[in-house]
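Colleague: What follows is the residue order along each chain.
Protein chains: 2
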Amino acid sequence: MAPDVTDRMSDSSSGREIDRLIQLLAKLPGLGPRSARRAALDLIKKRDSLLVPLADALNKTAAQVKICSVCGNIDTIDPCGICADGRRDGGSICVVEEVGDLWALERASVFRGRYHVLGGILSALDGVGPDDLNIESLMSRVAKGGVKEVVLAMNATVDGQATAHYLADRLSGTGVQTSRLAHGVPVGGELDYLDDGTLAAAFKSRRPT
Amino acid sequence: MAPDVTDRMSDSSSGREIDRLIQLLAKLPGLGPRSARRAALDLIKKRDSLLVPLADALNKTAAQVKICSVCGNIDTIDPCGICADGRRDGGSICVVEEVGDLWALERASVFRGRYHVLGGILSALDGVGPDDLNIESLMSRVAKGGVKEVVLAMNATVDGQATAHYLADRLSGTGVQTSRLAHGVPVGGELDYLDDGTLAAAFKSRRPT
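Chains as they are written, first to last, in this note's numbering: chain A, 1 to 209; chain B, 210 to 418.
Everything labelled a hint here was simulated from the structure, so no lab data went into it.
Don't be surprised by glycine CBs; every beta carbon is placed ideally from N, CA and C.
Honestly, I wouldn't trust all of these hints.
[Stated by the list, open to error] Partner residues are not named here, just some residues of chain B that face chain A (Cβ under 8 angstroms, in silico): (1) A235; (2) R246; (3) L260; (4) A271; (5) E358; (6) V367; (7) A371.
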């Protein structure tokens, strides 16, 4: 049998709590077995400044974090802070794949409407169909009226664009305006380092100065 | 003021627990602000399979993990499992910089003696002197008698080797045999990719076949 790579030592009979901690840390995205061991050691070293506060934050998150019943965002209140914020434009809904995309758009401070989190993306390869995503709740939000524009802010991947296409199709009969994010040269990007697809998109969508 | 890079969103008024969780995760070695956000989202998604167990493991670790009063190892018992294990050779002590180094040697299963964790390394640059490390406890372990060999398994860095040199000096009057790890070509290593220092060390320590 291959040794468990998350094992601190090969034949330790004690310290199971540490091994368990390393195993769980290794499941976090971005942490492999080696960095999980380093993280566990660091946590034990910084018991009062890091380990205890982190355990506390995890417990609080587990107890308090909810999924917004309107948009699928994650927050400690339901509806979430964005859905509950009366200053935000309810006539505009930005559809994103995941909560992380919502956070990214909020950090950029470009959008003052509401969101809708699909919770994934259509993918024939992974067997994800329309029923697996929060599409019906989007349709009923639109059907209630008051929505003027739906921004389809999917990732610029094949599956992302296919999902955006599908949603544009579904929404085409409802009278709302659908839109997509522009493709082009990233700000700060150098032409020499861009892929052909991005360059072609940027060229095709060129604008008069 | 520069925005806090660990902020999920720039102006969120709710979800402070999530922000706090991200800030703490970003302090782990190997996780930056971006991967901390991804890890937090992943934890929230996998509430029952990852978030709650991790909080649990952290609490247990905080409550149960101790530092061995003999060797400085981390374990749930004191003396630690290695110091308490009668099958291990008390006549041989392997001195390492950190607990992670002890774990690495245990995984390699090359050493059946006891350990001594210095808790750092001599460094003029960082202002770490002999009094900041567990050197006196090593000297008193040796002074008690019964120790035949002390393996100085410091890292092959300048500070590591300086520390090994210092310890060899301190131990030279006690009658114990000190030794260091061999330098050479790593197993599986290709000469073409090795640095000059390693190659030179491997050549100098060449052995008749």
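Colleague: Could you tell me which of the numbered hints above are not met by this structure, giving the numbers in increasing order?
Modeller: Numbers 1, 5, 6, 7 - these are the hints that the structure violates, sorted from lowest upward.
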